[in-house]
Amino acid sequence: GESVGLHLPTLSVQEGDNSIINCAYSNSASDYFIWYKQESGKGPQFIIDIRSNMDKRQGQRVTVLLNKTVKHLSLQIAATQPGDSAVYFCAENAGGTSYGKLTFGQGTILTVHP
Amino acid sequence: GAVVSQHPSWVICKSGTSVKIECRSLDFQATTMFWYRQFPKQSLMLMATSNEGSKATYEQGVEKDKFLINHASLTLSTLTVTSAHPEDSSFYICSIGGRGSEAFFGQGTRLTVV
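Quick note, the sequences are listed as chains A and B, same order.
Be aware that the first sequence starts at 1, since it is given in our numbering, and climbs by one per residue.
Be aware that the second sequence starts at 1, since it is given in our numbering, and climbs by one per residue.
Simulated from the structure, these hints should not be mistaken for lab results.
Quick caveat: nothing in here was measured; it's all calculated off a predicted structure.
Take these hints with a grain of salt, some might be off.
To be verified - No farther apart than 16 Å at their CA atoms in a straight line, the calculated lysine to aspartate or glutamate pairs in the EDC-like style are these:
(1) B/LYS14 / B/GLU87
(2) A/LYS56 / A/ASP31
(3) A/LYS71 / A/ASP55
(4) A/LYS37 / B/GLU102
(5) B/LYS41 / A/GLU39
(6) A/LYS68 / A/GLU39
Using the sequences plus the hints, can you model the full thing?
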């Protein structure tokens, strides 16, 4: 199914805090999930990905958690910095013939206050 | 990751005219490219899949006669918005699929129809 965002939810945090951004995905057949960061006027920038055979993956200051039972994905950002302020999108891919084709979640606006 | 370049970054056109947007894969031969549209404060919505040497595949609700896609080479796909109207004003973003289902995005094109 399609995920359509009409008005993006927002998350405001203080610099240095940890941020958690959540996403519900729709297609139980999706086997690959990605988090993207999008700054104003720019294209999405890859942050971290996870495959459906995993439930957790860590990167630099970021962790993605996948709960396939409830079709939920989260992005944790440690020690959030003002430069992390952006819109964050989760995206899913069903693999197979839809290689590279993504369905995006609604997105969350993250604002980090100094 | 692959480098994707879009041109122009922004364009203003008069209602009724056509606008062409280019998407180039600079370091990767892409048999498939994807075109997305993003309205303000909303998520990315897939418009069509551009296939090198063959017809594009359009998502439901996207008019193929209005949004013409040409993918004549492994490094270039073009999207032409024909007879543009103010409601076509949006942020258009292309992507190419990577080797592991991930997608790499261009910087986007802001289209304003006046």
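Identify every previously stated hint that the structure contradicts and give their numbers, smallest first. 6
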